[in-house]
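As you go down the protein sequences, you meet chains V and G in turn. Under my numbering, the residues of the first sequence are numbered 10 to 174, in order. Under my numbering, the residues of the second sequence are numbered 166 to 428, in order.
Calculated directly from the structure, the hints in this document are not laboratory data. Just so you know, not all the hints are guaranteed correct.
Stated by the list, open to error - Have a look at the derived ranges for each label pair, beta carbon to beta carbon:
id: 1; chain 1: G; residue 1: 168; chain 2: V; residue 2: 92; range: 37 to 43 Å
id: 2; chain 1: V; residue 1: 38; chain 2: G; residue 2: 414; range: 46 to 52 Å
id: 3; chain 1: V; residue 1: 109; chain 2: G; residue 2: 187; range: 16 to 22 Å
id: 4; chain 1: G; residue 1: 314; chain 2: V; residue 2: 92; range: 39 to 45 Å
id: 5; chain 1: V; residue 1: 127; chain 2: G; residue 2: 318; range: 26 to 32 Å
All C-beta atoms, glycine included, are put in the ideal place defined by N, C-alpha and C.
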Amino acid sequence: MPQVSLTVNGKPASAEVEARTLLVELLREKLGLTGTHVGCDTSQCGACVVHVDGMAVKSCTMLAVQADGAKVTTIEGLAAADGTLHPMQEMFREHHALQCGFCTPGMVMTAIDLVATHPDGLTEEQIRHGLEGNLCRCTGYHNIVKAIAAAWPLMHGKGMPAAAE
Amino acid sequence: MYDFAYQKPASIADAAKLLADPEAKALAGGMTLIPVLKQRLNKPATVVDLSKLGLAGITVSGGMVAIGAMTTHVTVARSAEVKKAIPALASLAANIGDRAVRYRGTIGGSLANNDPTADYPAAVLALGATIKTNRRSIDADSYFQGMFATALEPGEIITAVEFPVPEKAAYVKFPNPASRYAMVGVFVAKGPKGVRVAVTGAGQNGVHRHTAFEQALTKSWSAAALDGIATPSAGLNSDIHGSAEYRAHLVGVMAKRAVAAAG
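Chain G with its partners taken away, still in its complex shape (with noise of 0.2 Å):
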């Protein structure tokens, strides 16, 4: 690892100021940072921690459920709050990574990121979730903007996600056998901004919607209601793992099983 100049700013107004240089990177759990920077395929000036900030922390009041951006995994999952109001989120940290990663991994790091292959960005967009950041609110359809690519501009800081209870939501994926990052994994939900359907692992530009899917299932919310609508493989990965065909045909088992799981 190369090494850099590490600063743990005690306000998100600090933070934000080191964090407009484009030397510098956000620390938030650092299960793909630290990786990244062990593997020398970055090389920032400056390492800022996020965690003295107070991101921490969930809140459901008003239909809404407000994860703080520094919140980790094992703590959605084991929410007894999320587990009531949104039990599709919970159970889709529980499954991230591996415990020790669930430990230390957290919402707004997952975010930020983009992973092509994380799970997050599926509850995000298929929730219809609102980005809450240090200067603005930004909805998920025009937040992620392609692989590893977001709307955050720099200096930006995401503080929290903001989700809307659904009436019915489920998270089924495909984890690739060795990595556990999904192949595929499918969010379905139907809830105030009604029925969205949102893929991840699949995609070559990471996490987008499947409208055909999304019209079925608002016609009828069932899993014989995506029988014969065929997903294209154009533009999905094809890898040692799988080809696009493949993905393609995962993407609608995965589907389908998401809204059995969903009721």
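Just chain V, same shape as in the assembly (with noise of 0.2 Å):
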């Protein structure tokens, strides 16, 4: 079987697995990091977002070998050793960005990746067109939004947003 090595949240990892592993497989099954979750696994829903060498892309359509040497961020990767969450989680916490919490780790990924590409400023309709590949089945999209919004400035170092309504 093969063997795959790689850097998960900052630390070395390594794992045999099928060639038909999937990355989110190998993350939840044999690394124990449960934080990803497996929505549709159809590709479609995005709950399973994770970052590979800085990508946001989907861990149920990816192949674990595929995998091999990346450096790979889960949602258990983002906040500090200490604790201190991630502004994303924080802003998350802040505007209620959630129901029932199973897209959340998803939708946190995305929404790092998406203000991080997004140096220059990020409008409510590139963030709702951002968040096209991920699924939210409580429809608690608006808070989404405005976590996202929330986030931007503290992300590129422009001081803390508004306080939440």
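Fit chain to chain and form the complex, with the hints in mind.
This is the structure:
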């Protein structure tokens, strides 16, 4: 069976996998990182989004062997060692950007990528378009959009946004 | 998913050898192949990963934009060179699938698969691009051979796509509101190969040219030139998302919008 070695949340990890093992299965079942969720398993919902070499991708649509040698960040890798939340997580909390929370890990990982790739600003329309690949079945998009807009100045070092309503 | 053997060859020659086996499948970005494998719609003995063949990259020179087969959609969408030379192509790439798909999906994968609702085939056909493979060059008009069918032979691998820079071009699609695939997408171009109009999403045989629109736009490049030219619904898809007649109507609307956007 193929052996894969990768860096997950800053730490080296390796495991023996089948060729057909998906990256999300490696993360959840072999490495015990169950923060990454499997929602639809058909590449549509985005609950499984993780960062692979800095890119937000669907870990249910990538083979574990394709991630050999890659640097992977999951939702577990965002908070600081002392437990301080990533600004995006903090804004999701502040704006109550979740109902059941199932889609949240993928939403947060996509949102961080979205903010990071828009250093010059991010409109509400761009946020909504950017979330095209992430589904929230509670239809809680409104607060998710607010949280992402609020995280933008924090991630780009522009100070604190206005408090939540 | 059925299990398979995984190979990641380091040379095109080795990849071609592996892919000469009819039981082998090429893996580019995997945005179609992996979902297909998960649904057990395909059962390859070997999956051949093309990511180590050095096929990614963009070069623009001499009125030609060459895009390596393993170049991802996001790379094309963000390329300053593509945005300058063929903005319609960068904008098409920026609207394929969703963000996560665009980080993995590749131009070569899209063209080899030739999904009848894919975006890139419309650009390739309308711009009169050339598909470069490990064996030959294939012009766009002979490359697309129907739904999921192409001129590629077993063991033949797309290495790059060469687009002649047009004078004007634009792509407008009507995405299915749920899947975001093009129900109808129209790419219009006026360039070194003349005026060409390619339609994706609508036809039962995949991407095709719209010669009536091409003739009208050759006489006068304006949205108004398409007034009164009916698109026959014969041969167009009819499904729960829309009838063939509806799609025929959309072809006209998308084409006019594309001509207006191209300026």
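Residue 127 of chain V and residue 318 of chain G, beta-carbon distance inside 26 to 32 Å? Because 43 Å falls outside the window, the suggested range is violated.
Outcome for the supplied range 39 to 45 Å, where the beta carbon pair is residue 314 of chain G and residue 92 of chain V: Given a distance of about 55 Å, which is not inside 39 to 45 Å, the answer is violated.
A range of 16 to 22 Å was offered for this pair. Does it hold for the Cβ distance of residue 109 of chain V and residue 187 of chain G? violated (46 Å)
Could you say whether the range 37 to 43 Å given as a hint is met by the Cβ separation of residue 168 of chain G and residue 92 of chain V? Holds - the Cβ-Cβ distance for residue 168 of chain G and residue 92 of chain V, about 40 Å, lies within 37 to 43 Å.
Looking only at beta-carbon atoms, does the pair residue 38 of chain V, residue 414 of chain G fall within the given range of 46 to 52 Å? Check passed, 49 Å falls within 46 to 52 Å.
Checked against the numbered hints above, the structure breaks hints 3, 4, 5 and satisfies the rest.
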